[in-house]
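Number of protein chains: 2
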Amino acid sequence: MAKTAIKTHPTASRKPAPKFVYDFEEGGADMRALLGGKGAGVAEMTKAGMPVPPGFTITTQACLTYLRSGGFAAGMLEEVRQHLGGLEERAGKRLGDRANPLLVSVRSGAAFSMPGMMDTVLNLGLNRETLEGLAQRTGDRRFALDAYRRFIQMYGRIVLGIEAELFDAELEQAKKSAKVSSDAELSPALLEKLSDRFLAIVEEHTKEPFPEDPWDQLTRAIAAVFDSWNGRRAIAYREFNHIPNDLGTAVNIQAMVFGNMGSDSGTGVAFTRDPATGERRIFGEYLLNAQGEDVVAGIRTPQPIDTLERDLPDVYRSFADIAERLERHYRDVQDMEFTIEQGRLYMLQTRTAKRTAAAAVKIAVDMVAEKLISKEEALGRVEPDQVDHLLHRAIDPKAQVRVLATGLAASPGAATGAAVFDADRAEEMAKAGKKVILVRIETNPDDVHGLIAAEGVLTSRGGRTSHAAVVARGMGKPCVAGTEALKIDLNKRRFEASGVVVKEGDVFTIDGSTGRVIQGVVATIEAGVSGDLEKLLKLADSVRRLRIYANADTPEDARRARLFGAQGIGLCRTEHMFMQQDRLPYVQEMILAQEIGDRQAALAKLLPFQRADFIGILEAMKGLPVIIRLIDPPLHEFLPNHDELLVEVTQLRDSKKAGKKLARAERMLAAVEELREQNPMLGLRGCRLGLLHPEIIEMQVRAIAEATSELRRQRVKAVPEIMVPLVGAAEELRRSRETIEATLKSVAREQGVRFDIKIGTMIEVPRAALTAAKVAEYAQFFSFGTNDLTQMTYGVSRDDAEGSFLRQYVTDGILPSNPFEHLDPDGVGRLMGFAVKEGRATTPDLEIGICGEHGGDAQSIAVCDKLGLDYVSCSPFRVPGARLAAAQARLAGGAAKDV
Amino acid sequence: MAKTAIKTHPTASRKPAPKFVYDFEEGGADMRALLGGKGAGVAEMTKAGMPVPPGFTITTQACLTYLRSGGFAAGMLEEVRQHLGGLEERAGKRLGDRANPLLVSVRSGAAFSMPGMMDTVLNLGLNRETLEGLAQRTGDRRFALDAYRRFIQMYGRIVLGIEAELFDAELEQAKKSAKVSSDAELSPALLEKLSDRFLAIVEEHTKEPFPEDPWDQLTRAIAAVFDSWNGRRAIAYREFNHIPNDLGTAVNIQAMVFGNMGSDSGTGVAFTRDPATGERRIFGEYLLNAQGEDVVAGIRTPQPIDTLERDLPDVYRSFADIAERLERHYRDVQDMEFTIEQGRLYMLQTRTAKRTAAAAVKIAVDMVAEKLISKEEALGRVEPDQVDHLLHRAIDPKAQVRVLATGLAASPGAATGAAVFDADRAEEMAKAGKKVILVRIETNPDDVHGLIAAEGVLTSRGGRTSHAAVVARGMGKPCVAGTEALKIDLNKRRFEASGVVVKEGDVFTIDGSTGRVIQGVVATIEAGVSGDLEKLLKLADSVRRLRIYANADTPEDARRARLFGAQGIGLCRTEHMFMQQDRLPYVQEMILAQEIGDRQAALAKLLPFQRADFIGILEAMKGLPVIIRLIDPPLHEFLPNHDELLVEVTQLRDSKKAGKKLARAERMLAAVEELREQNPMLGLRGCRLGLLHPEIIEMQVRAIAEATSELRRQRVKAVPEIMVPLVGAAEELRRSRETIEATLKSVAREQGVRFDIKIGTMIEVPRAALTAAKVAEYAQFFSFGTNDLTQMTYGVSRDDAEGSFLRQYVTDGILPSNPFEHLDPDGVGRLMGFAVKEGRATTPDLEIGICGEHGGDAQSIAVCDKLGLDYVSCSPFRVPGARLAAAQARLAGGAAKDV
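Top line first, the protein sequences correspond to chains P and B.
With our numbering as the guide, the letters of the first sequence map in order to residues 1 to 899.
With our numbering as the guide, the letters of the second sequence map in order to residues 1 to 899.
Since the hints were made in silico from the structure, they are not lab data.
Just so you know, even glycine gets a beta-carbon here, dropped at the ideal spot from N, CA and C.
Treat each hint with caution, since some may be false.
Okay, the calculated beta carbon distance ranges per label pair [to be verified]:
(1) E534/P <-> E738/B: 51 to 57 Å
(2) E666/B <-> D385/P: 42 to 48 Å
(3) S655/P <-> D424/B: 25 to 31 Å
(4) L67/B <-> S746/P: 28 to 34 Å
Partner residues aside, some chain P positions facing chain B, computed with beta carbon under 8 Å [to be verified]:
(5) E731
(6) R735
(7) D826
Between the sequences and the hints, there should be enough to build the whole structure, so can you do that?
As structure tokens, then:
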């Protein structure tokens, strides 16, 4: 181009004006971002030659321009007018034509489904004049009048922002005065009156008459859809669901078809397969002589789709054919809306169907068998969380229930039992053969024997990763946590919720899959691992790179883990073993010992217990690795509660009876205060304990070694590994390892055997990750303890924060999610990345895994896969989901690599 | 070289055999690693032509070879024999020569001074025969006999490992039987008998006779010196002082000279300048007719060196000349040992002199004036810690004191006052005009008003960075912390130590510079900032790059900080202001408010107090920046103590009098329990408080803005900056900043002014450092809160750990030092490095400093300088030391760059 040309035509170099409007024929499934989900769906169907009422879509881009500039984009209205012309031509009707008026629907449709936005305006184009045309053309004046009053009502509410109640009240009044009970019984005369009243309401509230001009109606409706993107509810919804604000919504304008034009008309929704079971058959419901909103309103009960075959066999056949084509086209189950107008079928929408966990698994596996999808696609069709749901007893969905309160769904499954308010009593009643549910404000390690005895646990405080939740999930027991509406009175042994009092012994039910607390006994159904799930997980196993381990502290847990496909134990906590009633006295004796001799004597009494524990677990996992963590929690957790002791001592002092009891209580209080810490999470625990009292480690390592040797005599292959917790400096690990190796050598010498037991460390202190190159000099494996690592990286105590500011943070969107549920890739993940890279630089064959709660979370597993970990370890019930998640991570990772 | 040659002479390609022995003439000051400190020192003097008795040094390398192989290095003994020959020639005597025997001293001497090692064997070479030769040559048989028995005694003890007490007992017995009180009075006959007894003791304990052959004596002595490197005490000493184990020790063999050969002989030690004051004059003491060990044993009182000028003027003159030369040669004050043998002066050792803080400063400044050293060298001659000592009252070193116990020297200076055991009482007594010392097991923020009232504080628990220590240092008050020997009985208001009971009101003294707790009143001396210190700090200011800020919460602190040279306030904590008695009720009202309205009302009452606080500080610092941190600690710190409340409630319940008092106590207890956290360090505090209750921030920011505006009216330039604590995610800072800016805008509008107040954040949560690139988007400055950053990076609670495992860790060498005292460069420092680099990448003009306790620690300041920080902030009394440390860091950094 010549320079002079540029100079004289400064606009000549501009980009061509953007196209703001697309006929359905022009769009397609791949234009979701520009046309929204709904627009892309109808366009795709149109292109595929399916019977879709003609129409066009105004793009999200037009919406964004409108929102930015406060007015329609230059040229947009012209485009709309032009496409409207085309639509009029195809429909053989014209908008505003008195004789043969075109009516259209106006629907919003963003790229993501967004319930917070403007929905649908039907019958747009009606006014006093076109109303008559419609009456004449259809030969049904009542139909036309009803369509008109519906239009004013919807337009008034949705576009003009008038409260729905005003119209509803008028409608009720009309029915009352006519002494009829349904809208359909209203006479034409009454409907005419009603639309007059509706028009008056509009004028009263907008201070101007209802727009009569159809073009005016249309442009205002378009503007209203655009504006709805920034409506209060839409913004809140996006914030909550982390949908970006700069996407905008499209607007779909489509010729109306009517399902309410007689018994050969109708409307319905259907799925290409059963979304509850996954069975391959058309599943859905419809209403004859009705519009979509009637289905939604639930005034008449819809029919199951099967009877359509009898009612309108031709229509059914063509629908079944379309459904089949749509499923093949989209290669997934479709959720479709349709309308039948006087014997003609029209498709209004199609989208991927939501489905239950069981259905998702069956559909995925079936579609592979049908060669409709690849196994990689099948693996992406099931959420790992859904797998969890398949493994637990569930409340029978058909059961009638009275919900007393709703807490956090902290560990899935349903449990029914007698309420019990302390752990000892739980154990007692369970021993007496009673099923119980432990109810506590929150739990701590003292309550573990009660948790073991109970069917499930209910707390009023704490989050999904609170002690109760974690332990319950580990045990595969249902847990509802943080049920704030619960008023628990531990003294009176009762709780109250929704005005109902549940006393000790009263039977009630919890549903850990939904968080519901339900009065009385409720029927439950056994879900179990179905054959389809097994097939799916086998597929997953053939794809994933990460090994899946389980966290298990008992032989029972270990057996369950193995059953669910665990390839090892990634975390065997030894302290839960200490908590059991038969050992606790020796543990306390050990803690209170003043002299090393006394401590060793107490430890000697614990040794046989620990040895037996390890024999049990190692035997259950024979041939597979079991990573045993040395004692971790602060010692005061094994002593009586401080505050209770303080109250006891104070009372005894006041009673002046004093004596031995007081002296004993005072001694214990002094011991507890001696060990008490302001921040126990950051105190004397983990390897610090072992470095100060090596005799504890020696006992534990001896128990491991003796158990291994005993099993070897029984020809059972035991593969224990020893893990040192809470290392922050390489020197801590070096010295701990010295003690461990010396003990192993002693036992080896005594028993005349050789041990080949790996020694490694948790990486749970930020400094360990930052100095991993050094730490790895003394480690054969690293295991990320991401619970603690998250606590310290964020400076957030999980115990304190989940019920308090952390929950608020997530609600307010300060944090995208609870970092104790989903691994934080930017902070914690970055530290992990250092440890992986620098640890392996020192020790190339370093095995690296994760054993925090994140090990069972799909999002976190994806991070672990990307970081190059060797395994993830999670509670036994999360193992199947983790197997799937690891496969998904691999597939996503493969794709990510190409980017 | 031909291939065949290599084949036939496989040793031909070896390195030349190392040289293991150096004559003093061959060595020098730069060979300290090979010859040890002592060997290098005498060699340097010998080369400079000073009168040093001839000798030679066996290298540390020979020692290492010996230790590795268990025998002398090949060729070493030949070298020794050869150098001994040279020594004999120079001395004109021969080892073992009956007529004219050479006697030598054998001394160990490592590169670092190591008291744990073998010391000195004198008079080696004596036996029954040479003894006679010595007697004849000196004409003094008694002298020879005395030398002989001393030799057997020293050799027996040091080389042969016989307990000193055995010889001492024999010597005592001899004196007793002769009825004399000093060794010198023993007759030759008795001395002869005594050596026979000593020889018998040796034979009895070693099962072999005392080595008669001088060469045998010598080689065994050399081996003993080598072995002493791995002696138990030496290893412990090295471990404690972090001296590597692979250095080895040298052995010095030197011809004996005798200071005990009459009144023209003598021995002494002297300094080239007064090591107490730094005054430029020879300072030292000597004994005539004595050997070095007599001086050490303290049997006779030495004379001040001045009288030597009168006693032996020629000797004095040549000594003074040598001293002058040595100082010029080494360019530092020397600590010298000398012996005079029959009118001839011999120099035995010279080394750099230890000196007091005051002397160090004066000497450094003087030597620059004398053009002896450069200003850069002068800055390296004073330890920043020493500067601290110059700023506080000190116990008069001449005072006689009874030390009751010794704790940690936690905040320097001496204080005398009446013992008082709680903060309220301290305030009360102080108001009544009494000087008090607050005695607590440990302190917490509740005690701050007591600390303010007291002259100093004494605790039985907690380390150098415990609450008491930190607050005391901040206030410049003496503190002795962690005095474990103290038995404090708070109920009886008394403590006991060393059998002495100190009751409330009893006057005693603490010395925070040494950790001593002293009975009664002790004389103190005012040290103050001397003119020399000022000169030195001016030098430092001209060199350093880092700015020095102070942490100050009150106008008084601010004024003091400025006086000491602070260039701004790096941390102004607002919560200490909340703790004051007149505000605390409103603070509690604010915390306990159930409705936001009530909370705002309480905050409105606090506003005038805060505004006044800020006016005071900003005025004191006029023209300089004051970084104000918004409220940080968990709210329960402002409420009564939980356990005390629990006891009160229990007692009231028991008393059955119940009533209003019980109800009130129960309400408060409930509130405290509501806010109570398991790990408050990781709980609801810092910016989390402000995000949940923005009205608190709004009040504080309003107070800052109004104070600024008020001062502007008074034409005072106030430069506040606002700091958001405990940020872990960029979004926290973004939202906090929104609130701050909105409040600033409001006040600006109300007052018709404009504010230009910087907003920044603490980096104290590891995640903030890891995501600094994002955090910096909303920050104008970063301030490292290294106390918390260290706590979280290590997973160690300072409050809990310093008294427990952390102290043990440092003692055991698991950690090289307490990371709360010296910044950990590998973990915490690495995080800081990320934040500096990535923060500045986002915001190039980001100001970065540190405001943790490390800001006053020289080692940590060096890390900060290397990291490229802009400033360090520390307590006012540490500002002068920090100025010096920053200069030293710069000088070291410059050097480091060349490496």
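Okay, the hints, checked on the actual structure:
Checked against the hint of 51 to 57 Å, the pair E534/P and E738/B passes, with Cβ atoms roughly 53 Å apart. For E666/B paired with D385/P, a C-beta distance near 44 Å keeps the hint of 42 to 48 Å intact. Distance hint check: the CB atoms of S655/P and D424/B are about 30 Å apart, consistent with the given range 25 to 31 Å. Evaluation of the 28 to 34 Å hint for L67/B and S746/P yields a pass: the beta carbon distance comes to about 30 Å.
The interface hint given for E731/P holds, since its Cβ lies 5 Å from the closest Cβ of chain B, which is under the 8 Å cut-off. Taken as an interface hint, R735/P checks out: its beta carbon lies about 7 Å from the nearest beta carbon of chain B, inside 8 Å. At its closest, the beta carbon of D826/P sits 5 Å from a beta carbon of chain B; the interface hint therefore holds under the 8 Å criterion.
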